[in-house]
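Number of protein chains: 2
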Amino acid sequence: MTTITFLPGFRKISVEKGETILTAAQRADIHMNAVCGGQGKCGKCTVFVRSGRVDFDRDKYGHFFTREELENGACLACETVILDDVQVFIPERSFIQAQQILVQVRGLEVEFKPSVWKYYVELTPPTLVDPSTDLYRLLEGVTKAGGPSGEKVYAPLEVLRQIPSILRESGWKVTASIALVPGGYRVIDMEKGDTSKNLFGVAVDLGTTTVVAYIRNLNDGTIAGVASNYNRQISCGEDILSRVNYARKGGLGRLQELAAESINSAITAAANNAGIDREDIYEIVVAGNTIMTHILMGIDPAYMIEEPYVPVVRRALSTVSQRIGLNVNPGAGVFIFPAVSDFIGGDIVADILACGMAERPEISLLIDVGTNFEVVLGNNDWMFACAGAAGPALEGGEVLFGMRANPGAIERVTLDYESLVPVYETINHIPPAGICGSGLIDLLAELLRACVIDRTGRINTAIVHERIRQGEHFPEFVVEFAERTGIGKDIVVTENDIKNLIMSKASILAACITLMNQAGISNQDITTIYFAGAFGTYINKDNAVTIGLIPELPLHYIENIGNGAAEGANIALLNRKKRKVLDDVAYKIGYIELNAEPSFMDEYTRSSFLPHTDLAIFPMVEKALEACRIRKGVNHGA
Amino acid sequence: MTTITFLPGFRKISVEKGETILTAAQRADIHMNAVCGGQGKCGKCTVFVRSGRVDFDRDKYGHFFTREELENGACLACETVILDDVQVFIPERSFIQAQQILVQVRGLEVEFKPSVWKYYVELTPPTLVDPSTDLYRLLEGVTKAGGPSGEKVYAPLEVLRQIPSILRESGWKVTASIALVPGGYRVIDMEKGDTSKNLFGVAVDLGTTTVVAYIRNLNDGTIAGVASNYNRQISCGEDILSRVNYARKGGLGRLQELAAESINSAITAAANNAGIDREDIYEIVVAGNTIMTHILMGIDPAYMIEEPYVPVVRRALSTVSQRIGLNVNPGAGVFIFPAVSDFIGGDIVADILACGMAERPEISLLIDVGTNFEVVLGNNDWMFACAGAAGPALEGGEVLFGMRANPGAIERVTLDYESLVPVYETINHIPPAGICGSGLIDLLAELLRACVIDRTGRINTAIVHERIRQGEHFPEFVVEFAERTGIGKDIVVTENDIKNLIMSKASILAACITLMNQAGISNQDITTIYFAGAFGTYINKDNAVTIGLIPELPLHYIENIGNGAAEGANIALLNRKKRKVLDDVAYKIGYIELNAEPSFMDEYTRSSFLPHTDLAIFPMVEKALEACRIRKGVNHGA
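Going down the list, the protein sequences come from chains A and B. Per the numbering used here, residue 1 is the first one in the first sequence, and the count goes up by one each step. Per the numbering used here, residue 1 is the first one in the second sequence, and the count goes up by one each step.
It is possible that some hints are incorrect.
Claimed, not checked - Result set (DSS-like, lysine-lysine): computed pairs, CA atoms no more than 27 Å apart in a straight line:
hint, chain 1, residue 1, chain 2, residue 2
1, A, K249, B, K577
2, A, K192, B, K152
3, B, K173, B, K144
4, A, K152, B, K144
5, B, K173, B, K152
6, B, K577, A, K113
7, A, K588, B, K152
8, A, K152, B, K249
9, A, K152, B, K173
10, A, K197, A, K152
11, B, K113, A, K152
12, A, K173, B, K249
13, A, K577, B, K152
14, B, K192, A, K578
15, B, K588, A, K144
16, B, K192, A, K152
17, B, K152, A, K580
18, A, K588, B, K144
19, B, K144, A, K249
20, A, K152, B, K152
Since the hints were made in silico from the structure, they are not lab data.
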């Protein structure tokens, strides 16, 4: 056997000759970037080989590195095969970074109707005149303690095997955990003595990027702990397509493990913070997109990314925690939200549950923006949904100084329209390193109001100002000068960045309008726009409407519901009746395939203006821009 | 590590120093007698140590052996600890012998209503305009093929994981196996192509001594194969008490494995004979006594053999084959018959199902005689049951030349009342080696009719006849002289044997009368006596009534139902409706504890005559004996 040592941590593991550095790192639980899923395409898994022999094709992959880096042993971990004992240095940039994750929940007003209960019973021991069986005696006690009637309760083998010794060793004083299951009830655990206080459940938002776990006390529904971490599958590919490709190359088992590990580690953190034993967690509810939930259940997601794009299953799924490697009470049930299609997953069904739009006759529009976007329109009677790729711009990709919402990101910006000096906030209040999505939306709206850009997104280079200049390739606006940044460079936004941002926002707006056309309704028919997703929470509603990211409604009709997937999971955990109707909700939704909808491209073109080519559907924005234009004496063009 | 070699087979395995020879033999799959369960009490596990060092206490256990045997290295395998590499010879007598096992079934007239089906479906592959999920498509096909409606069908994780590849690799032509489960249906298997013909189920009679498995074609209910073998737990103790004691000493896991192995080996034999793949077995129904079924499920039976004698569970149990180590299709369901009490198990509930007594208003009496006896009295409205130990006499124990129904056993006897020469049949038609239960009952009745014995069982030594003589301790009747036997000795029945047989039959008759008294009925109220158990099949009804083993009814009111447990299991396998009411039947039965019933001892005393002290309740027997007495000119006494 050969060994590999990872610096700077000096972690060491045995490897087979021929294994790649990336898979060895994954086995060693070192979480490296691999945006392309280990295909040698993204260049994000750079390592430096310090000693030992490896096989790496410099001719093919050398272009990712400078000459100096190559001289220092730079390789792509995914394309480097270990031939011998090696020492490998992993630079900071190749590690997956922890990100800012949304953990708040709106004030829930959910009726508390749990699906799992504990009953503490003190039983009379059997005698010759009362020789009923151990199980009968237990279930009779449960019924007397307010539980379901005995004949409705199924006792699985593992519980039957425990019953005789636990009853006798406890002096016939035990706590039984009983869960509602299809067709009746089920004994899921038996403990000695009174443990009825220790009854918890977990609501999980299993995202492509992050995992959030909320532990709730299932005696009263209160929150006991919350924790989150990134989805460890990121080491197998950053976006969902890379994950599916990884699964196709035999990696489904590994991805399943990583999904379970990600959830386990969030649960462990939340449980530790709250001083809760994981064994006292008796139920898990998971909301995630269709590919994530397929992977968590170990079901092949491959057929969802190629025509005709079919999931294996849409309906809500139930299983037992240990079947999918979740480390809570081994009898704990796992409930997985149903999906609408491969692109509208359980996370969106959870959004719908969180905003309550499926329960009201009024029409709502739900927009969830994350790596992709999903839009749902409808009420308690009908619903349409669609989904698409917004492009990476709103998450800081394909934008020169764009970045994720990590420390140093500019997240809010206002502009002094006279001096054009931006006033901004960065995450963690450190000198800026770049601009994240919410900051970019603010900037776009403010530059439009300040007449620095026109409605096509062109920068008005006629304005003479130190912040407005011709960059190397494109005109640009300087958000901050090098000396005040954390990166020693001017942070700018270029006309090309703005073009990319407009393309992203145009997709979302066009999707909304396409659904409205499908339903034959206009803005006036919509009572509420729900903005969901971590991104939604930080967004400035006025600015989002101003740039035409979403249709125009009075601002108080727009509600940020934040992490709707997590909230929906919490609701389903707390209220079994809400959970029961989810399959019906999911089946009711008509999925509109945007690529098959000829009008979508027209709407997209019309939406590729700020806010839209037709200002008649943005009357308030029109009025506000008019006011700015008059103040500045500028014609914003069309 | 040390090794042990077993002769004569030269089987060799590794052992830890300190292990006993018996446990090593068990691990080596050598099935040795251990009637006492390895407690050093029965002396049946004799081995001869040929070489190597062992630790065996000759002072304590030497009395089991002759001096010569001790000089040849005789030890008790259960009490001999291995210290070194050893060679051990196992004599023929220490192996468990295969026995004659009942495999016939009466002509069943059971409505065929199975609980598992196969549906072959040819599906249309998904397209962009028909992108429904794999599961939906499959279940829609099943519904169209006559199966249950899709939303009632649960697809477990293991099936969901298989669906996408099986559908595509088969060209969308698959066979789905669907089983009825509480609350709906369940997909238990998916196969490529049309396998709908390969659908089998197994009915198992799990006896303390023997295991019988019937494979049935679940497309039409016909029998496909039958096989039986001894219960391999015999190597851990012959009677049920020894098994429970073995379980108490940490042996439950081993006993569970042996129960599963016993069933597996019967199934394998039946499947091989019939040319059936075990993977095509989709359901197993097991009837067994309460201790056997607890052990098969891995549930501790310890509390059933001490006051207050409570089972862990009585109700019917369901699980999945692989959970208890049964090697059939991994998704196959296992149904275990419910029990009435620790002494009235699922085997008796199966008897009740087989004879149909719980479905008719007429009153029946069911008697099952095996290692123990069980009696059930009642109709579709009420039922009483009791159980007891008949003593070993009826199985050939505590009878000088008694033996089990093995080859060479005299199983039928008639007597020429003039010459007193017995005419007999032996099993396999070889020279006699002893007398089994049915032969002993015949002999008792015939000796009574021939006035050789009186109604107390005393041999009339006043008769001068070469076959009637004073033995070493007791008067005896010679059934066969040494030169015509297979054992070189006179085969006799002694007055002491007869006393033991009367004690056995008296228990059974007293139990029947006690139940009748409890119900306030007399012989005339009973329409049928069902005689069940392997023993019952071979018994001569007239002789059984004549000696007072069972109450007197006209002979055509007495029916041998043979192996009722196996038959009941077959019925439950074939008809789900019959299965459904079993819990109700079991709960309806009032269990009478004979030891707590003061009148039982009186009835026992009154039954300790041939046929009974009160001939008024045996009027036909009285008449027949009167006729014999007149013919012989003898007064039968009493």
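Hint-by-hint comparison with the structure:
Of the pairs offered as hints, the one joining K249/A and K577/B is violated, with about 48 Å between alpha carbons and a cut-off of 27 Å exceeded. Of the supplied pair hints, the one linking K192/A and K152/B is violated, its CA atoms being roughly 37 Å apart against a limit of 27 Å. Between the alpha carbons of K173/B and K144/B the distance comes to roughly 14 Å, so the proposed pair stays at or under 27 Å and holds. For the suggested pair K152/A and K144/B, the alpha carbons sit about 32 Å apart, so the restraint of at most 27 Å is broken.
This hinted pair checks out: K173/B and K152/B have alpha carbons roughly 22 Å apart, not beyond 27 Å. For the given pair, K577/B sits about 35 Å from K113/A by alpha-carbon distance, which is inconsistent with the 27 Å threshold. Restraint check for K588/A and K152/B: the C-alpha separation of about 18 Å stays at or below 27 Å, so the hint holds. Taking the CA atoms of K152/A and K249/B, the gap is about 35 Å. The hint is violated against a cut of 27 Å.
The suggested pairing of K152/A with K173/B is violated, with an alpha-carbon distance near 39 Å, which exceeds 27 Å. This hinted pair checks out: K197/A and K152/A have alpha carbons roughly 24 Å apart, not beyond 27 Å. A distance of roughly 24 Å separates the Cα atoms of K113/B and K152/A; the hinted pair therefore holds under the 27 Å criterion. A hinted pair counts as satisfied when its Cα atoms are at most 27 Å apart, and K173/A with K249/B qualifies at roughly 26 Å.
Of the supplied pair hints, the one linking K577/A and K152/B holds, its CA atoms being roughly 19 Å apart against a limit of 27 Å. Distance check on the hinted pair: K192/B and K578/A sit about 38 Å apart at the alpha-carbon level, beyond 27 Å; violated. A C-alpha spacing of about 22 Å is found between K588/B and K144/A, which places the hinted pair at or below 27 Å, so the restraint holds. With a CA separation close to 37 Å, the supplied pair K192/B and K152/A exceeds the 27 Å bound.
Only pairs whose Cα atoms come within 27 Å are accepted, and K152/B paired with K580/A is accepted, the gap being roughly 14 Å. A distance of roughly 23 Å separates the Cα atoms of K588/A and K144/B; the hinted pair therefore holds under the 27 Å criterion. Simply put, K144/B and K249/A have alpha-carbon atoms about 36 Å apart, too far for the 27 Å limit, and the pair is violated. Distance check on the hinted pair: K152/A and K152/B sit about 19 Å apart at the alpha-carbon level, within 27 Å; holds.
In this structure, the earlier hints numbered 1, 2, 4, 6, 8, 9, 14, 16, 19 are contradicted, and the remaining ones agree with it.
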